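Throw the hints in and build the complete structure from the sequences for me.
There are 2 protein chains.
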Amino acid sequence: MGIEEDIRQQKKFVNEYEKLIVNLMFTSSWLDGMRIQNLKPFGISPQQYNVLRILRGAFPEPVRLADITDRMIDKNSNATRLVEKLRQKGFLKREICKQNRRQVDIWITPKGLELLTETDKLSGEWLKVFKTIQKTEAQELNRILDKLRS
Amino acid sequence: MGIEEDIRQQKKFVNEYEKLIVNLMFTSSWLDGMRIQNLKPFGISPQQYNVLRILRGAFPEPVRLADITDRMIDKNSNATRLVEKLRQKGFLKREICKQNRRQVDIWITPKGLELLTETDKLSGEWLKVFKTIQKTEAQELNRILDKLRS
DNA sequence: CATAAATAGTTGTTTATACAACTGTTGAGT
DNA sequence: ACTCAACAGTTGTATAAACAACTATTTATG
Chain A
15 MGIEEDIRQQ KKFVNEYEKL IVNLMFTSSW LDGMRIQNLK PFGISPQQYN
65 VLRILRGAFP EPVRLADITD RMIDKNSNAT RLVEKLRQKG FLKREICKQN
115 RRQVDIWITP KGLELLTETD KLSGEWLKVF KTIQKTEAQE LNRILDKLRS
Chain B
15 MGIEEDIRQQ KKFVNEYEKL IVNLMFTSSW LDGMRIQNLK PFGISPQQYN
65 VLRILRGAFP EPVRLADITD RMIDKNSNAT RLVEKLRQKG FLKREICKQN
115 RRQVDIWITP KGLELLTETD KLSGEWLKVF KTIQKTEAQE LNRILDKLRS
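For the record, the sequence lines run as chains A and B. Quick note on my numbering: the first sequence kicks off at 15 and runs consecutively. Quick note on my numbering: the second sequence kicks off at 15 and runs consecutively.
To be clear, the hints were calculated from the coordinates, so they are not data collected in a lab. One should not assume that every hint holds.
No copy is singled out in the list; a pair is fine if it fits within one copy or between any two copies.
[To be verified] Pairs of lysine to aspartate or glutamate residues, derived as EDC-like cross-links and limited to a Cα-Cα distance of at most 20 Å, are as follows: (1) K99 x E128; (2) K89 x D46; (3) K25 x D81; (4) K54 x E139; (5) K142 x E30; (6) K161 x E30; (7) K161 x D20; (8) K161 x E32; (9) K145 x E32; (10) K89 x E19; (11) K26 x E75.
Bear in mind the structure is a predicted one, so any value in this text is a computation, not a measurement.
Take a look at the structure:
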C-alpha cells in the first residue's frame, strides 16, 4: 500500500500533496542509503562522488571551487573540505589560478577517473533497482519533478 | 529545461533512470531546505518535527522509542538524542514502562501539540509551493514513487 | 593612487549523523 | 533457579553539516 506502510501510518494523509512531501523525503532517504552502501567499498561518500562526477564532466578542463558548490546537489556542503578530502586520497589536484589568485582550479586525476570507471560498473546494480518502473514512468517522474521545482 | 539546468549540466543524461536518481536527490534536498527554513522560527529541525508528528498521531497513547525509529523518514538518526532534545524544550515527556522496564514510553505534551497547531498553519505556504503541479500529477508521483520502492 | 566594495575561498565553532560498543532487562531452555 | 540469547535504549567517538566570521585578492570609484 505504499508510503503509509513504510512509515507505519494508520491514518490516511490529508491530501495528495501532504503525502507527496513525505513520499519524496522517504524515497530520497532510501536511495541515499543505497548510494552510501554502494560507494562504501570505494571509500567515498555520495557527496564526494558528486564532486568527482562534476570534475569528470569538465575534464580535461579544470573546475573552480565556486562552480562545484553551484552544481552540487546539496548546496550547503563545504566544498573546500570535500575537495581537501578527495585531494588527500589522490583523486583530484588543485592549483591556485595564475590569472586570478583568488580562485582555485581543480582537476580530476587519472586515479580519480579510474575510480569513476569502477563505480560506473555499478550502474547495472542501479538499473536493477529501477527495473520496477517503466521508462515512461521514469520520464513522467522527471517531468513532474522538474515542474514542481519551477 | 529542468534538472540539467539546476545542476548546470551541459551533457545529456545517459538515460531517464540516471536522470531520475539525480532529480530525486536534488528535489528532496530542495524541499528539505525549505522545510528547515519553515521550521526555524519554531526552533525545531525537520527530524524533530517528524518525531512530534508521530507522537501526535498516536496521542493520547504513548509511543515507544523503537517505534519512533521504525517510523522515521531517516532511519539512521539517533532517536534517544532527538527525543532528549525535544524533552528539554518541553514538547514531550518520557517514562520508563512499568510492565517492561527496558522500554520507554513517550507522549507529546500540550506544549508540543500547541507547537504543531502553529506549524499546521504553515501548510498553506506549502500548498503554494505545490500549486505548480496538478492534483492528478501528485497522485501520479505518489503512485510511481511507491512502485519504485516496492 | 587610495580606499571601499565585491569576489573567492578558508577556518572556527556548534550541532547533527553514523556506527559500534555498551548497560540493563526480559524471556527461553535446561 | 541458572545461563544465555534477545531485546530496548544509551553512550562514545569519529566524521560531516550548517552557518557565520575571517583572510586574501581583485575590481570599481572618487
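These are the hints, each one checked on the structure:
When the C-alpha separation of K99 and E128 is checked against a cutoff of 20 Å, the pair qualifies only within one copy, where the shortest distance is 17 Å, while the shortest distance between copies is 44 Å. Proximity of K89 and D46 under a CA criterion of 20 Å is satisfied in both settings, with 16 Å inside one chain copy and 12 Å between copies. Proximity of K25 and D81 under a CA criterion of 20 Å is satisfied inter-copy only: 16 Å between copies versus 45 Å inside one chain copy. Taking CA atoms no more than 20 Å apart as the test, K54 paired with E139 passes inside one copy only; the shortest distance there is 15 Å, against 39 Å between copies.
Taking the closest pair of Cα atoms, K142 and E30 come within 20 Å of each other only across two copies (14 Å); inside a single copy the shortest separation is 28 Å, beyond that limit. For a Cα distance limit of 20 Å, the shortest separation of K161 from E30 qualifies both inside one copy, at 16 Å, and across copies, at 16 Å. For a Cα distance limit of 20 Å, the shortest separation of K161 from D20 across copies, 12 Å, qualifies, whereas the shortest one inside one copy, 26 Å, does not. Proximity of K161 to E32 under the C-alpha cut-off of 20 Å is found in both arrangements, the shortest distances being 17 Å within a copy and 18 Å between copies.
When the C-alpha separation of K145 and E32 is checked against a cutoff of 20 Å, the pair qualifies only between copies, where the shortest distance is 12 Å, while the shortest distance within a copy is 27 Å. Within a single copy, K89 and E19 get their C-alpha atoms only as close as 31 Å, which misses the 20 Å cut-off; across copies the closest is 15 Å, which meets it. In this assembly of identical chains, the alpha carbons of K26 and E75 lie at most 20 Å apart only when taken from different copies (18 Å versus 52 Å within one copy).
Violation of the numbered hints given earlier is absent; every hint is satisfied by the structure.
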